[in-house]
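Produce the entire structure from the sequences given, and follow the hints as far as they go.
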Amino acid sequence: MDSKSRFLNALSFKEVDRIPVIPQLTYAAAKWSDMNIDEALNNGGKQLKALLYAQEECGYDGIYAGWEGSFVLLSSTLGSKLQVFKDKPPNVHKPLINSKEDLKKIQTLNPKKDGRIPINLKLIKELKKKSEVPILSYLPAPFTLSGLLHSTEKLMLLIYMDMDFLNQLVDLCFNLIYIFGKAKIEAGVDAITIADPTGSSDMISPKHFEELSFPSLKELITKLKKDGAKVGLHICGNTRPILHLMADTGADYLEVDQAVDLKDARMEAEKTCIFGNIGTSELLSESKENIIELSKNCIEKIGDKGYILSSGCEVPYGTPIENIQAMVETVIKHKKAL
0 MDSKSRFLNA LSFKEVDRIP VIPQLTYAAA KWSDMNIDEA LNNGGKQLKA
50 LLYAQEECGY DGIYAGWEGS FVLLSSTLGS KLQVFKDKPP NVHKPLINSK
100 EDLKKIQTLN PKKDGRIPIN LKLIKELKKK SEVPILSYLP APFTLSGLLH
150 STEKLMLLIY MDMDFLNQLV DLCFNLIYIF GKAKIEAGVD AITIADPTGS
200 SDMISPKHFE ELSFPSLKEL ITKLKKDGAK VGLHICGNTR PILHLMADTG
250 ADYLEVDQAV DLKDARMEAE KTCIFGNIGT SELLSESKEN IIELSKNCIE
300 KIGDKGYILS SGCEVPYGTP IENIQAMVET VIKHKKAL
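Heads up, the final residue of the sequence shown is numbered 337 in numbering that gives the first Met the number 0, and it's a clean run with no missing numbers.
No wet-lab data here; the hints were simulated from the structure. Do not take every clue at face value.
[Unchecked claim] Think about it this way: if two alpha-carbon atoms lie no more than 20 angstroms apart in a straight line, the pair counts; the simulated PhoX-like pairs of lysine-lysine are: (1) 80 <-> 112; (2) 30 <-> 13; (3) 295 <-> 262; (4) 124 <-> 48; (5) 104 <-> 80; (6) 304 <-> 332; (7) 262 <-> 300; (8) 128 <-> 48; (9) 287 <-> 332; (10) 13 <-> 304; (11) 85 <-> 3; (12) 300 <-> 270; (13) 153 <-> 3; (14) 153 <-> 104; (15) 103 <-> 153; (16) 206 <-> 153; (17) 103 <-> 80; (18) 224 <-> 270; (19) 111 <-> 127; (20) 99 <-> 153; (21) 48 <-> 112; (22) 13 <-> 300; (23) 13 <-> 334; (24) 153 <-> 112; (25) 153 <-> 181; (26) 45 <-> 153; (27) 48 <-> 30; (28) 181 <-> 206; (29) 121 <-> 80; (30) 181 <-> 112; (31) 45 <-> 104; (32) 153 <-> 93; (33) 48 <-> 87; (34) 111 <-> 121; (35) 287 <-> 3; (36) 3 <-> 45; (37) 3 <-> 334.
In this text the structure is predicted, and so the values were computed from the model without any measurement.
The structure is reproduced here in structure tokens:
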């Protein structure tokens, strides 16, 4: 069974020859190709080289086509100023939208020309040509992108002070994200994962998630699936109180963080494939032997069907390549033990 069949079977709860492994891994690959993160930020060729090398050395079942957070990429394309670093991903230096009037500055997006989006789209195309594993890519959720453009702190204030502004901002972000997502699908991506860290139960209440983020997530996922992609949902941190809502978005898979017990994830999303959830700090600092044990624990909790072994969140720069290899070795040994 090849990686694509393994991936698709896991999504639909069919038999697999072994559990797929797809770490949430982009810029961490830079270290293994003797690069800093910043030197490849504007160089799709270097991104391609690093991502291909990482997959070939580790043998995992899908490549995430990206380098920085999708919300950072889209924000910078729209005009946000970035801070860049050698050993961690860039972040937005200051908000782009400070008032309702600022919304008029951003009307649409041309993914063929604007910012570094063409680099990302070309990366998807080149990975499709040069690799046989599924190609995945991230998109920001409308609620999370709204926070990055306006600042997360100010976004929280809008919930209580100006819902009209908040709704306009989320609607604008939805339209921009959908344009970007459709371009990724046209470039050939197999699956899109929507990232909504601001929707986490560590950030907002489940009630606010249901009212403010869930509707746009559900609509975005529905549209992208109609356009031909498999679509997943990633929300960082503690999502135990909203797992049922995450599943109700219609996502093909859910990426759950280390804070969520995989038994709970399966119970609350019993018909949705689960990705997860080895802690990123453990991947960065623990021994290969400990990662093998953590991988075994994940499998014991959730079983073989409808499951993809992954990290809990984005794999950090500096993570030993041996720890990612350990995840693949674990599922191969698990297969032989069955």
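Evaluated hints:
Of the pairs offered as hints, the one joining residue 80 and residue 112 holds, with about 18 angstroms between alpha carbons and a cut-off of 20 angstroms not exceeded. Annotation: proposed proximity of residue 30 to residue 13 is violated, straight-line Cα distance about 36 angstroms (limit 20 angstroms). A distance of roughly 14 angstroms separates the Cα atoms of residue 295 and residue 262; the hinted pair therefore holds under the 20 angstroms criterion. A hinted pair counts as satisfied when its Cα atoms are at most 20 angstroms apart, and residue 124 with residue 48 qualifies at roughly 13 angstroms.
Between residue 104 and residue 80 the CA atoms are separated by roughly 15 angstroms; this keeps the pair inside 20 angstroms, and the hint holds. With a C-alpha separation of about 17 angstroms, the suggested pairing of residue 304 with residue 332 holds against the 20 angstroms cut-off. Restraint check for residue 262 and residue 300: satisfied, since their Cα atoms lie roughly 6 angstroms apart, inside the 20 angstroms limit. About 13 angstroms separates the Cα atoms of residue 128 and residue 48, which keeps this hinted pair within 20 angstroms; it holds.
Proposed proximity of residue 287 and residue 332 is supported: the alpha carbons are some 15 angstroms apart, at most 20 angstroms. Restraint check for residue 13 and residue 304: the C-alpha separation of about 7 angstroms stays at or below 20 angstroms, so the hint holds. For the hint linking residue 85 to residue 3, the alpha-carbon distance of about 33 angstroms lies beyond 20 angstroms, and the restraint is violated. Annotation: proposed proximity of residue 300 to residue 270 holds, straight-line Cα distance about 16 angstroms (limit 20 angstroms).
This hinted pair does not check out: residue 153 and residue 3 have alpha carbons roughly 42 angstroms apart, beyond 20 angstroms. For a cut-off of 20 angstroms, the pair hint linking residue 153 to residue 104 stands: about 19 angstroms separates their Cα positions. A hinted pair counts as satisfied when its Cα atoms are at most 20 angstroms apart, and residue 103 with residue 153 qualifies at roughly 19 angstroms. Restraint check: the Cα-Cα separation between residue 206 and residue 153 comes to about 19 angstroms, which is no more than 20 angstroms; the hinted pair holds.
A hinted pair counts as satisfied when its Cα atoms are at most 20 angstroms apart, and residue 103 with residue 80 qualifies at roughly 19 angstroms. The straight-line distance between the Cα atoms of residue 224 and residue 270 is roughly 17 angstroms, inside the 20 angstroms bound, and the hint therefore holds. Restraint check for residue 111 and residue 127: the C-alpha separation of about 18 angstroms stays at or below 20 angstroms, so the hint holds. Simply put, residue 99 and residue 153 have alpha-carbon atoms about 13 angstroms apart, close enough for the 20 angstroms limit, and the pair holds.
A hinted pair counts as satisfied when its Cα atoms are at most 20 angstroms apart, and residue 48 with residue 112 does not qualify at roughly 23 angstroms. Pair hint residue 13 plus residue 300 holds up; C-alpha atoms about 18 angstroms apart against a cutoff of 20 angstroms. Our distance criterion of 20 angstroms between C-alpha atoms is met by residue 13 and residue 334, whose separation comes to about 15 angstroms. In summary, the hint linking residue 153 to residue 112 is not supported, as the alpha carbons are separated by about 30 angstroms, beyond the 20 angstroms threshold.
Our distance criterion of 20 angstroms between C-alpha atoms is broken by residue 153 and residue 181, whose separation comes to about 29 angstroms. A threshold of 20 angstroms between alpha carbons decides the hint, and for residue 45 with residue 153 the separation of about 36 angstroms lies outside it, so the pair is violated. Only pairs whose Cα atoms come within 20 angstroms are accepted, and residue 48 paired with residue 30 is accepted, the gap being roughly 12 angstroms. A C-alpha spacing of about 30 angstroms is found between residue 181 and residue 206, which places the hinted pair above 20 angstroms, so the restraint is violated.
For the hint pairing residue 121 with residue 80, the CA-to-CA distance comes to about 23 angstroms; that exceeds 20 angstroms, so the pair is violated. A C-alpha spacing of about 15 angstroms is found between residue 181 and residue 112, which places the hinted pair at or below 20 angstroms, so the restraint holds. For the hint linking residue 45 to residue 104, the alpha-carbon distance of about 33 angstroms lies beyond 20 angstroms, and the restraint is violated. Straight-line distance between C-alpha atoms of residue 153 and residue 93 comes to about 12 angstroms, which keeps the hinted pair within the 20 angstroms bound.
The straight-line distance between the Cα atoms of residue 48 and residue 87 is roughly 19 angstroms, inside the 20 angstroms bound, and the hint therefore holds. A threshold of 20 angstroms between alpha carbons decides the hint, and for residue 111 with residue 121 the separation of about 10 angstroms falls inside it, so the pair holds. The hinted pair formed by residue 287 and residue 3 fails the criterion: a straight-line CA distance of about 27 angstroms is larger than 20 angstroms. In summary, the hint linking residue 3 to residue 45 is not supported, as the alpha carbons are separated by about 25 angstroms, beyond the 20 angstroms threshold.
Proposed proximity of residue 3 and residue 334 is supported: the alpha carbons are some 18 angstroms apart, at most 20 angstroms.
Comparing the model with each numbered hint stated earlier shows that hints 2, 11, 13, 21, 24, 25, 26, 28, 29, 31, 35 and 36 do not hold.
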